[in-house]
Amino acid sequence: MNKITDYKLKIPSKTDNLELIRNFVAGVARKVGFKEDDVSKIELAVDEACTNVIEHAYKNEKDKDIDLAVKIDFNKLTIVITDRGKSFDMKDIKMPEMEKYLAELRVGGLGIYLMKTLMDEVDYVVRPDGKNEVRMVKFFLDQS
Amino acid sequence: MNKITDYKLKIPSKTDNLELIRNFVAGVARKVGFKEDDVSKIELAVDEACTNVIEHAYKNEKDKDIDLAVKIDFNKLTIVITDRGKSFDMKDIKMPEMEKYLAELRVGGLGIYLMKTLMDEVDYVVRPDGKNEVRMVKFFLDQS
Amino acid sequence: MNNFSLKRDDREPATVISLKGYLDAHTAPELEETIKSLLDEGKVKIVINLNELDYISSAGLGVFMGFIEEIRDKGGDIKLAEASDKVYRVFDLLGFPMLYEILSKEEEALKRFSEMS
Amino acid sequence: MNNFSLKRDDREPATVISLKGYLDAHTAPELEETIKSLLDEGKVKIVINLNELDYISSAGLGVFMGFIEEIRDKGGDIKLAEASDKVYRVFDLLGFPMLYEILSKEEEALKRFSEMS
Ligand SMILES: Nc1ncnc2c1ncn2[C@@H]1O[C@H](COP(=O)(O)OP(=O)(O)O)[C@@H](O)[C@H]1O
Ligand SMILES: Nc1ncnc2c1ncn2[C@@H]1O[C@H](COP(=O)(O)OP(=O)(O)O)[C@@H](O)[C@H]1O
Numbered sequence: 016m017n018k019i020t021d022y023k024l025k026i027p028s029k030t031d032n033l034e035l036i037r038n039f040v041a042g043v044a045r046k047v048g049f050k051e052d053d054v055s056k057i058e059l060a061v062d063e064a065c066t067n068v069i070e071h072a073y074k075n076e077k078d079k080d081i082d083l084a085v086k087i088d089f090n091k092l093t094i095v096i097t098d099r100g101k102s103f104d105m106k107d108i109k110m111p112e113m114e115k116y117l118a119e120l121r122v123g124g125l126g127i128y129l130m131k132t133l134m135d136e137v138d139y140v141v142r143p144d145g146k147n148e149v150r151m152v153k154f155f156l157d158q159s
Numbered sequence: 016m017n018k019i020t021d022y023k024l025k026i027p028s029k030t031d032n033l034e035l036i037r038n039f040v041a042g043v044a045r046k047v048g049f050k051e052d053d054v055s056k057i058e059l060a061v062d063e064a065c066t067n068v069i070e071h072a073y074k075n076e077k078d079k080d081i082d083l084a085v086k087i088d089f090n091k092l093t094i095v096i097t098d099r100g101k102s103f104d105m106k107d108i109k110m111p112e113m114e115k116y117l118a119e120l121r122v123g124g125l126g127i128y129l130m131k132t133l134m135d136e137v138d139y140v141v142r143p144d145g146k147n148e149v150r151m152v153k154f155f156l157d158q159s
Numbered sequence: 069m070n071n072f073s074l075k076r077d078d079r080e081p082a083t084v085i086s087l088k089g090y091l092d093a094h095t096a097p098e099l100e101e102t103i104k105s106l107l108d109e110g111k112v113k114i115v116i117n118l119n120e121l122d123y124i125s126s127a128g129l130g131v132f133m134g135f136i137e138e139i140r141d142k143g144g145d146i147k148l149a150e151a152s153d154k155v156y157r158v159f160d161l162l163g164f165p166m167l168y169e170i171l172s173k174e175e176e177a178l179k180r181f182s183e184m185s
Numbered sequence: 069m070n071n072f073s074l075k076r077d078d079r080e081p082a083t084v085i086s087l088k089g090y091l092d093a094h095t096a097p098e099l100e101e102t103i104k105s106l107l108d109e110g111k112v113k114i115v116i117n118l119n120e121l122d123y124i125s126s127a128g129l130g131v132f133m134g135f136i137e138e139i140r141d142k143g144g145d146i147k148l149a150e151a152s153d154k155v156y157r158v159f160d161l162l163g164f165p166m167l168y169e170i171l172s173k174e175e176e177a178l179k180r181f182s183e184m185s
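Residue numbers (my numbering), protein chains in the order written: chain A, 16 to 159; chain B, 16 to 159; chain C, 69 to 185; chain D, 69 to 185.
Below, in silico cross-link-like pairs of lysine to aspartate or glutamate (DMTMM-like), each with a Cα-Cα straight-line distance of 25 Å or less:
hint : chain 1 : residue 1 : chain 2 : residue 2
1    : D       : K88       : D       : D145
2    : C       : K154      : B       : D135
3    : B       : K50       : C       : D122
4    : B       : K86       : A       : D82
5    : A       : K109      : A       : D138
6    : B       : K25       : B       : D144
7    : B       : K46       : D       : E100
8    : A       : K86       : B       : E76
9    : A       : K131      : D       : D153
10   : D       : K142      : A       : E114
11   : A       : K46       : D       : D153
12   : A       : K86       : B       : E70
13   : B       : K74       : C       : E101
14   : A       : K101      : A       : D144
15   : C       : K173      : C       : E183
16   : B       : K91       : B       : D138
17   : B       : K46       : D       : E120
18   : B       : K115      : B       : D104
19   : A       : K115      : D       : E169
20   : A       : K153      : A       : D53
21   : C       : K88       : B       : D53
22   : A       : K86       : A       : D138
Since the hints were made in silico from the structure, they are not lab data.
Next up, chain A with everything else stripped away, as it sits in the complex (with noise of 0.2 Å):
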């Protein structure tokens, strides 16, 4: 595959449809050669970034639009999702250490903490016209 191809998903804020996204990238993902390991860590992910919009960024409102665009390109697959809820900054969040974090009990925090350990690259802008996007990097290597 040498063109960039683009698959785009408008989809309301509600976690109702949180199946229906997964599904979807992961038939893209299966679809461009993913082994099912790497599709279910890519489900994974883009779940926990959605979760986070509807949660955070829209707090629970239903019906506002969450963005997903899947590129696909020779060496690499990118998820971006955009919404225009609440911003914040990734950098304030501290990455919990699992072993210290588990001793303490404590209950959440846990997404952006995956979505880094099961994706290549991770970042979130604030763009200049006031959307959030959060992008995520898959690299194909010996995929067979």
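Starting from the structure of chain A, add chains B, C and D with the ligands where the hints point.
For chains B, C and D with the ligands alone, coordinates are given in the frame of chain A:
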């Protein structure tokens, strides 16, 4: 469901993507309560419409865009498929009389017949901006 | 992802092609090629086993239409077997049972060919 | 479409909750309610059977984290059993095996509770 809910999908025009399109639309239809029987009908009608866009409107040029919108309101599901390819006039297409059609062992020309049989309404319009639009409606009737 | 596959099995008195997955505009060419090869080899008695076929669109139906005339002219036939309710409904919607024998079991379809010859 | 369901089975020496389908931010509240009811009834020995669970996200994991402290304070525990490789991998990624016993069979998990008491 009282408010109109909108799902949108933009996807490159290749038959390779038909499965993704079907799965997505079937997922939405199932989620809003259509029974498996009707989910299958909606799935097939969408496949036929998108296959026509790929083969006839875009003449198998890949990586043109197919835009697909699924709108849910209280009594119906509406699918709008938009392309920027070659237009046609649906009124010029004669619906086959199936008995005669089969007796003559003809090939092709079944897609629009299926769409009209499977869905409650099927319209095709060339919009003022030059885009083509297939609009198909399925009503919620005694879905449980 | 290509959730379609087919298996060819040259039996007596007919060749059985078993379809699996989704038969649509993307996957129909594979079936078309297979039937074309059969014709090239002079094999015109064909049973299509639909047992594992989950989905068919008009592009799939078109493959059967595309060959049936030539096949019958040569003394053969296409017989369909083991369609799920979902797949059968699509055939039925288009009146295909008028034109093709659709049997519930592969063995019955093979038997119909034995009776023919 | 709500591809999640759970089944509660009050056995001895623990209550078994069997999960099925997708446990995500949409379906986690149902599990949360169920565990809350158990605590209200004073039942604090819980086995979660994951045999038919196809998917779990951090929202699902969060439910276990949310109750574990109270449950252990009351002398109970949550033990997990029969996770598929896919689901186990998510637990593993987060170091959950450090905190929860994850047994391969429901019976083993029940046995661990017998040994405790
Ligand atoms: N898309 C987002 N928009 C706004 N805030 C966010 C977003 N994603 C994460 N956050 C903030 O970062 C915190 C950590 O997120 P995360 O690791 O996913 O854990 P959790 O969602 O369980 O709190 C959240 O509690 C929230 O304050
Ligand atoms: N989206 C479309 N854009 C342009 N032409 C179309 C479109 N859909 C259908 N057509 C025209 O209508 C004809 C009948 O379509 P259809 O019933 O689907 O059968 P088939 O696609 O097998 O020819 C096509 O051959 C084509 O000429």
